[in-house]
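**Q** Sequences listed follow chains U and Y, in order. Each residue of the first sequence is one higher than the last, beginning at 1 in this note's numbering. Each residue of the second sequence is one higher than the last, beginning at 1 in this note's numbering.
By construction, these hints were calculated from the structure, which means they are not laboratory data. Hints may contain errors.
A pair counts as met if it fits within one copy or between any two copies, since identical chains are not told apart.
[Unchecked claim] In the PhoX-like style, the derived pairs of lysine-lysine whose C-alpha atoms are separated by at most 20 Å in a straight line are:
| id | residue 1 | residue 2 |
| --- | --- | --- |
| 1 | 231 | 284 |
| 2 | 585 | 248 |
| 3 | 217 | 127 |
| 4 | 530 | 585 |
| 5 | 303 | 30 |
| 6 | 131 | 153 |
There are 2 protein chains.
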Amino acid sequence: MRYGYRGRLLYINLTERKIEVNELSESIVKQYLLGSGLGIKILLDNFDKDLSPLDPDAPMLFISGLLTGTPVPTASKLSVCLRSPLTGIWDESTVGGDFGAFLKFAGYDGIYITGKAEKPVYIFISKDEVKIEDATDLWGKDTYATNDILKEKYGADIKVASIGPAGENLVKIASINIEGRVGRAAGRGGPGAVMGSKNLKAIVVTGRDVLPLYDKKGLMESIKNLVPQIKSGTESLTLFGTVGGMVKVDKTGDLPVKNFYGSLFTEGAAKTSGMAIAEEYEVKNYRCYACPIACGKHLVRKKGFPEELEIAGPEYETGAGFGALILNDDLETIVWANDLCNRLGLDTISTSMVIAFAMELSEKGLIDEDIPWGDGEKILSLIEDIAYRRELGDTLAEGTRKASQEIGHGAEEYSIDVKGLELPMHDPRAFTSMAINYATGNRGGCHLESLSYYAEQGLKLPGIKMKESYDPHSDEGKAELAVNMQNYMNVYNALGLCKFLIRGNIGITHLAEWLKLATGIEFTPDELLKTGERLFNLKRVYNVSLGISRKDDLLPPRIMTWAREEGGAKGVIPHIGKMLNEYYKLRGWSEEGLPVSCLAYKKEKQ
Amino acid sequence: MRYGYRGRLLYINLTERKIEVNELSESIVKQYLLGSGLGIKILLDNFDKDLSPLDPDAPMLFISGLLTGTPVPTASKLSVCLRSPLTGIWDESTVGGDFGAFLKFAGYDGIYITGKAEKPVYIFISKDEVKIEDATDLWGKDTYATNDILKEKYGADIKVASIGPAGENLVKIASINIEGRVGRAAGRGGPGAVMGSKNLKAIVVTGRDVLPLYDKKGLMESIKNLVPQIKSGTESLTLFGTVGGMVKVDKTGDLPVKNFYGSLFTEGAAKTSGMAIAEEYEVKNYRCYACPIACGKHLVRKKGFPEELEIAGPEYETGAGFGALILNDDLETIVWANDLCNRLGLDTISTSMVIAFAMELSEKGLIDEDIPWGDGEKILSLIEDIAYRRELGDTLAEGTRKASQEIGHGAEEYSIDVKGLELPMHDPRAFTSMAINYATGNRGGCHLESLSYYAEQGLKLPGIKMKESYDPHSDEGKAELAVNMQNYMNVYNALGLCKFLIRGNIGITHLAEWLKLATGIEFTPDELLKTGERLFNLKRVYNVSLGISRKDDLLPPRIMTWAREEGGAKGVIPHIGKMLNEYYKLRGWSEEGLPVSCLAYKKEKQ
């Protein structure tokens, strides 16, 4: 008897239109969990470095977390695992909503997809049947239309993951949209382009089979006890969403201004904050599966205007990216830029970053186009140009790193990325643990790989080793913090939990407890953390096999050598060299950054 | 009336076999001095970024310093200025000996060469004639034979600059040899390849016209007063050559071990030091023109062996490069590696660095060849393979950066270079001012652009602003020190002086005094230093025009993020980010590293 998961994976080859179901052994689940944990295991088993990310034979995985679909708070996440067409290395793109839970309700933990359909198709998955259906009529449609049409066909009880024109056009920063206009996205690393390269427009899941639980009563009791704590730590998220903290973030120097060149956005931050949204719009909360927080925001109506809206409000990353980052303080532009990205299937972080990059190139005269900072019309038209690969948009569709190499003449200077992934909206000069986190994150410049900046602000997590307190601007102890948080965070995507749980002080001890109650699988907190470490190292193995080493574990020159001139992070430049040196030692990596576990894994494979 | 220089430049177009003499105005000399100062002025005037360094039309300049050929102590230097085929950016390669003085005695301050001869040629320059002569018979000969044959033809009174097989084969780390087997070399940046690309085997100069001096009596008096001070500061150089300090250098952690990965060479350092040479060889001193130091060492005989030798002893850079850097403690291997490089026309720094690079790649399994650390036979055969571009040597002939890109699979990690120029044998982890100096040096990783590590050890120079004392391992004040020393050192190559003068505590005040007495050209010490700053910035302008910016002002990952594990520099990692941030501010550069003077210069040109 399995609890909390199905032990079944779908293997679909689109070239051959072949559908298989493979069993998943308990020992594999115990070793790798599910989500991106099983993801790295499967992608390493099928590793072929000569297979380019957009090759028809390149595999892509959709796997729900081990707890996804159970009542464990926030257990909604699905990991999309693949070799990123943007960075050429490991990518796990995580998404909430209900899709991951519904996949399990349909009877499967994950889907392994290879091949390329002859014509556009979508995959339909239910308890009774799995089929590959023609999607010729959907091709070219945006994600909202795709979602609506499929809902009309199958009824409201389905969940849809789809790509928009960006993914179809192999835009390297294309996302996968979940559940249409008000949903969520698997954004980072260009997974939408991989779906596009397979002629796969959408995946539809439907199901109602509730997951059996190992100790339902005990689990519900534990949840009941902990939900108040989670709610109290995330109250501001519930009230104003992730974008609520904009003004505070600006004050600490964490908010990127003008492509990470500037220092403060001041009034602009207030004008683009969650409070400003609440003032200007009628807002409704959105919650992912099993989530007690409900940080999502739907915009129902602009106050004073009659039309009803049905669009998602901007998240913090989006608000900062289409706001401070590009010197735009017009909230409406942010709202519609966000909507356009969701509709066309573009990652809002990378899209705002390539636009910031283009604005700086324009200012510096490195491109002919006139793209003034903060120009709302230009922002919206550029988003379309990127999705449809028109003119400059065709170059920007490659992401800042490749675009900068194509443009040349020193444009590389303005590509603010790590390993090809554009940085998100947290400046490591404000919280220096993020410098080492970005430098070593397995998918490149990613804040979610450790979220350690919370710890630098005093957050404590049961079972996670931390110093009594941290100076956000010092390098002291930050390498260790990043290691510990990366290990911890690697458990999240494997279990399918939302990382905002940490704001409710949920530690590894809670995770081990829930895991036991939901699935019967026993880990001590330390064992679970060790598993996180192993998963992190396995992802590193994947990257090392693709040529990643110490030389890539650095930050863009602007972050590494340029200090903000005012504000909360004034004068701070993280000592990345010192931290990386410490980090390698703590990780037990070779001087090139090869994890010892690499060798262990290779041996095991022989 | 001109004092100390001729005011005449030769312009030679080898394609058209055209020889012209151009006058040099006094105001230009006052603005740019000569040597690499006039070099950057002329190369900027003739700048064409689309002209690749080995294009027949690419210009190369041989210019004596403003004081070269006068009795000013060490006034022997000639600058070879060009766009480096190794790095693609500014290169000034400086050489002592008598060639520079003889060029002036022949009636010219410099030679501007463009075009490519149809067949191999050499240029003959005397007071009476300048001619382009057939060198078909010399082509393929090494630099010693070339020197000998030309001496046989023209008599002992000539000085020869020639390339060996490496330059002919367009090896990117090919040097220009001066005066054959016991002479000197313009080594860095591959100037030999540019001569080779022009089918220019050699330049012969002869002349006897002594330079008129503005105030001969005053100058001789000043020299007489200062020579004892110079001699006393450089006594160890006179006794044991530049390689004398090997053991001390090892102790401070300044000596690179195992491609900058190791920490200490201990007994190896003693076995490869100047003292060891003096014990094992009969040694004779060699002095460049007007030099009271005579740091050069000729090996006359290996003690206990009957044969006479006539070869140059290894300099510090060579001894360290073919010693500690590649874990070779066999002195004889170093001696013959040095001789082979001189003979074949290879830069000993870059050659030892590409060999260290190859040894590390071999150890890591990134190349198939078996090249054990410290293997004497392999070292010597690799040197030949590089010069003749055989097998792996053909790849290594491109320098470590391009070779690493060609080899791929993370080989870039082991290329220890800045801007494509392999680092010399001073580890910036021992003296952190060298980190910022390497990062910003106009020809790339070059210790001569500031020599600031002397100041970190307590050296004081009249007229050069310094702190009372420096902690060699701290970043405090190092950006400012590097700026001041770079400005100061830029005066040296323009005047044609040897930088070892600083070990005799010669400051800018002395330089201004000698300049006045020798040429009548008046500068306050500050004005002269300002000129150095302007020249440094103009070279930066040249590089910026070729795409160099902040992104290039960094160090290789191994230096930037890896600490030595024992020895004098144990645990030190320079904070390059912090220093670079300070440095840009001190230089008044834009955030991308564009000097303000760039704009001034561009305006002036319009």
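**Q** Are any of the numbered hints broken by this structure? If so, which, sorted upward?
**A** 2, 3, 5
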